[in-house]
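Dock chain C against chain B, hints included.
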Amino acid sequence: MAGQSNRYVADRDDEPLVAIDGLRVAFDTDEGPVVGVENIGFSIMPGETVCVVGESGSGKSVTSLSIMRLVEFGGGRITSGSIRFVRQSGEVLDVTRADSKKMREIRGNEIGMIFQEPMTSLNPVFTIERQLCDGLKVHKGLSQEAARARALELLKEVHIPEPERRLKQYPHELSGGMRQRVMIAMAMACEPRLLIADEPTTALDVTIQAEILALIDRLKRENGMAVLFITHDMAVVAQMADQVVVMYRGNIVEKGAVEEIFDNPREDYTRALLAAVPKLGAMRGKSAPEPMPILGAEEAPAAPTGAAEKRQLLLEVKHLTTRFPVRGGVFRWTVANVHAVEDVSFTVNVGETLSLVGESGCGKSSCGRSILRLVEAQAGDVMLDGWDVRRLGQTELRRARREMQMVFQDPFASLNPFRRLRDQVAEPLMNFAIATGSELDDRVADLFDRVELPRTFLRRFPHELSGGQRQRVAIARALASGPKLIVADEAVSALDVSVRAQILNLLMKLQAELGLSFLFISHDMAVVERISHQIAVMYLGRIVELGSRAAVFEDPRHPYTKSLLSAVPIADPRQRNIRDDQTFKPVPSPVFPIGYQPDPSLYDEVSPGHHVLREA
Amino acid sequence: MKKFRTSKGLIGIALVGAVLLIAILAPLFIGADLATKMNMAARLRPPSADFLLGTDQLGRSLLYRVMLGARTSLTIAGAAVITSIVLGLPLGIISGYFGGHLDNVLMRLVDTLLSFPALLLALAISAMLGPNFQNTIIAIGIAFTPFLARIVRGEALRVAQMPYVEAARSSGTNDFHMILRHILPNILPAVIVQGTISLAFAILAEAGLSFLGLGTQPPQSSWGLMIQASRDYLDVAPWTALVPGAAVALTVLGLNMFGDVLRDALDPRTK
Numbered sequence: 074m075a076g077q078s079n080r081y082v083a084d085r086d087d088e089p090l091v092a093i094d095g096l097r098v099a100f101d102t103d104e105g106p107v108v109g110v111e112n113i114g115f116s117i118m119p120g121e122t123v124c125v126v127g128e129s130g131s132g133k134s135v136t137s138l139s140i141m142r143l144v145e146f147g148g149g150r151i152t153s154g155s156i157r158f159v160r161q162s163g164e165v166l167d168v169t170r171a172d173s174k175k176m177r178e179i180r181g182n183e184i185g186m187i188f189q190e191p192m193t194s195l196n197p198v199f200t201i202e203r204q205l206c207d208g209l210k211v212h213k214g215l216s217q218e219a220a221r222a223r224a225l226e227l228l229k230e231v232h233i234p235e236p237e238r239r240l241k242q243y244p245h246e247l248s249g250g251m252r253q254r255v256m257i258a259m260a261m262a263c264e265p266r267l268l269i270a271d272e273p274t275t276a277l278d279v280t281i282q283a284e285i286l287a288l289i290d291r292l293k294r295e296n297g298m299a300v301l302f303i304t305h306d307m308a309v310v311a312q313m314a315d316q317v318v319v320m321y322r323g324n325i326v327e328k329g330a331v332e333e334i335f336d337n338p339r340e341d342y343t344r345a346l347l348a349a350v351p352k353l354g355a356m357r358g359k360s361a362p363e364p365m366p367i368l369g370a371e372e373a374p375a376a377p378t379g380a381a382e383k384r385q386l387l388l389e390v391k392h393l394t395t396r397f398p399v400r401g402g403v404f405r406w407t408v409a410n411v412h413a414v415e416d417v418s419f420t421v422n423v424g425e426t427l428s429l430v431g432e433s434g435c436g437k438s439s440c441g442r443s444i445l446r447l448v449e450a451q452a453g454d455v456m457l458d459g460w461d462v463r464r465l466g467q468t469e470l471r472r473a474r475r476e477m478q479m480v481f482q483d484p485f486a487s488l489n490p491f492r493r494l495r496d497q498v499a500e501p502l503m504n505f506a507i508a509t510g511s512e513l514d515d516r517v518a519d520l521f522d523r524v525e526l527p528r529t530f531l532r533r534f535p536h537e538l539s540g541g542q543r544q545r546v547a548i549a550r551a552l553a554s555g556p557k558l559i560v561a562d563e564a565v566s567a568l569d570v571s572v573r574a575q576i577l578n579l580l581m582k583l584q585a586e587l588g589l590s591f592l593f594i595s596h597d598m599a600v601v602e603r604i605s606h607q608i609a610v611m612y613l614g615r616i617v618e619l620g621s622r623a624a625v626f627e628d629p630r631h632p633y634t635k636s637l638l639s640a641v642p643i644a645d646p647r648q649r650n651i652r653d654d655q656t657f658k659p660v661p662s663p664v665f666p667i668g669y670q671p672d673p674s675l676y677d678e679v680s681p682g683h684h685v686l687r688e689a
Numbered sequence: 062m063k064k065f066r067t068s069k070g071l072i073g074i075a076l077v078g079a080v081l082l083i084a085i086l087a088p089l090f091i092g093a094d095l096a097t098k099m100n101m102a103a104r105l106r107p108p109s110a111d112f113l114l115g116t117d118q119l120g121r122s123l124l125y126r127v128m129l130g131a132r133t134s135l136t137i138a139g140a141a142v143i144t145s146i147v148l149g150l151p152l153g154i155i156s157g158y159f160g161g162h163l164d165n166v167l168m169r170l171v172d173t174l175l176s177f178p179a180l181l182l183a184l185a186i187s188a189m190l191g192p193n194f195q196n197t198i199i200a201i202g203i204a205f206t207p208f209l210a211r212i213v214r215g216e217a218l219r220v221a222q223m224p225y226v227e228a229a230r231s232s233g234t235n236d237f238h239m240i241l242r243h244i245l246p247n248i249l250p251a252v253i254v255q256g257t258i259s260l261a262f263a264i265l266a267e268a269g270l271s272f273l274g275l276g277t278q279p280p281q282s283s284w285g286l287m288i289q290a291s292r293d294y295l296d297v298a299p300w301t302a303l304v305p306g307a308a309v310a311l312t313v314l315g316l317n318m319f320g321d322v323l324r325d326a327l328d329p330r331t332k
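For the record, the sequence lines run as chains B and C. For the first sequence, this note's numbering assigns the number 74 to the initial residue and increments by one for each residue that follows. For the second sequence, this note's numbering assigns the number 62 to the initial residue and increments by one for each residue that follows.
Just chain B, with the same shape it has in the complex (with noise of 0.2 Å):
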């Protein structure tokens, strides 16, 4: 191979694995090229894991890309730059100039990918068994006996409950956990000495991602694999990197070891970006929610105040029950329900925050739109203000929602694209004909004013503004009525962190200013600390704990509650406690048949205004 400029055996263990040098990506678009990363360059040693962190737009999905060269085939072109993989071989391949036939070889073989969407990374017409063994006949030309019991033991690494079974099922009868490490055993078929992560447990739960990342973590270690780890979760990053390479609109703006980033970050935008995530138990000993640090704000931003000396009521929610038929059959009869909300009572005060906690599919929204009746409820009585919520008639109810509002998670979907901003946060104050004409005109630039966003955009379309700004006016309507308690239904889950930092100071300010309540949906242990007064923890459809903040976080009873916050990734490298294979219980399934009727819940007041679930 002497002679032959880029090939030359590497064989020592400090060569890196990978080695990326002035990387530059553009993509071809109607009005010319556009550049997606430029002068990437950082390098991956063996059986170490190097995460790329950044926010939506930074790059860090383009860098992984192209390293496979898959970022071709979404129509970006490597301009210049080198990626020097040391393959299987010893020999040293520049992936930018690989001809197609040895990036086959590459792909899958030496270096095995996972995605963020284990529903869409599986293609749901074949079974397990023939997805995992179509790589292995592939690249190790194993027979299919060979291939069927190297896919056994596969499944049996990544530690999936009865594989047999497992192997003759298709994807969607696997959970999202299970169909993550189905990828997992993919990417891991041929052993690869390089998997790129993007993301793997952004759509996942937080018990679940624990046991994703717990698991990559293992296989690494006892495979001596390298990984390279693509996030926007700063907290993830401190659980999982020994490197760092923090992206910014295409840029690296900071590299460097894991302690090094989290302890002296050199560049403004690591600072910012660390002080953006909210760290759980960082509220430790603290009575009142208080707002995140913005690096380079002015003065602190107002804070709601604690508990007041008298607190009045607001909202009062008394074995709230909510089901949802399952249809089945030739004449869609109902065949059983779904107990999405089974005997949840809380109250909210005047000016506080409850939050809901909970992983997908515990009831959390459900039970905020019973609240507002954008469902109906089966049972119980929701008294708000005086107003008797669930026994309103239609005239009445329409009054009563000047009072109650909501904010949903998706700020895309949530606001109308083809009517102008002004037009929309106007809507609630004719449709209460609140205000005409000039007054009008008035209001809504007042409430621009409050969520902070110029003038300017009251002529403006949605698909004009980000993902923040678009929150912002979803917020100035629901609070253009002027009402009292809002929904908030993972209002922040879909923002950026610095944003999402931004939103929730925005969310408190406007607490402190107007004395309003929160019902807080969200399934982010971290942000539920920073927000709350009063939490209540949900799981299957019912509350298993409810109390102030200081209550269930640091001195949490039910072994819910407890497995939940052991989950979350914690954002300091010092304070690894993702470690270990984990494995919670699966939340087992709440569809129960026609006439199935559940106990009620019953609670142990365990210390004043902290009540945990009894078991049954």
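Honestly, the hints are just simulated from the structure, not real lab data. It is possible that some hints are incorrect.
Unchecked claim - Under 7 Å between C-beta atoms, here's a sample of chain C residues computed to sit facing chain B: (1) His-162; (2) Gln-222; (3) Pro-224; (4) Tyr-225; (5) Ala-228; (6) Gly-233; (7) Thr-234; (8) His-243; (9) Pro-246.
Quantities reported herein were computed from a predicted structural model and do not represent experimental measurements. For every residue, glycine included, the Cβ atom is placed at its ideal position computed from N, Cα and C.
Below, chain C alone, put in the same frame as chain B:
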């Protein structure tokens, strides 16, 4: 208006504009007798300096006839599509937005109509009402309604479960305003696309009906009627079919391009 300045938009506008101009202006400048006067001495002439596009079996200039036929064809097709939108849009919106039993009943009705080929349906209606100008419009309009209603319902169903509709409902928007402000603008792109495609099919349907003798009645000229008349002479005078056929094809092409561009132009998201 920048959005129209693509090659697709310009071709679409040019074609549609040209056909519209001909349809409006031709009857003002071309005497009806030019297109209806028979000239047996000049039957089935191929295109020449005397007869630019040739003549038909009765010696009438195909150029004049195709220009005069534009108005009939376009009026019938346009009015028929408007009829189908007037009938189908409320049907689809009510079905998709309100749902429930009403939706079931309406959609079974639509499915029943859909199970007949549109042309057969138009044929039956036209035969029932008697073949004339207005009835052709009504027949084609009704025959096209189920397609539109289906598409509108699907879109309404999709839009009705969007969070912005839920947000509007929770801020007290009533059903009327909900449909007007939120549902209608968001299903309009689909209606426009379907409308332009329907327009093309309606021209062909009119041609089909006339071809079977249930559409426009001679001596009035329409593209469909011209194609019908040409069928006996296809082997000796193929231009008699090609000329009206090309008129239909160019109009349909132009409408499709125009519809695409119009849809993009009405969408604030595309700049």
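Status of the hints after comparison with the structure:
1. His-162: 12 Å, violated
2. Gln-222: With a closest approach of 10 Å, the Gln-222 (chain C) hint is violated.
3. Pro-224: Pro-224 (chain C) check passes; min Cβ-Cβ to chain B is 4 Å, inside 7 Å.
4. Tyr-225: 4 Å, holds
5. Ala-228: Because about 6 Å separates Ala-228 (chain C) from the closest Cβ in chain B, which is inside the 7 Å limit, the hint holds.
6. Gly-233: 4 Å, holds
7. Thr-234: Holds, because the Cβ-Cβ distance from Thr-234 (chain C) to chain B comes to roughly 5 Å (cut-off 7 Å).
8. His-243: 5 Å, holds
9. Pro-246: 4 Å, holds
In this structure, the hints that do not hold are numbers 1 and 2, in rising order.
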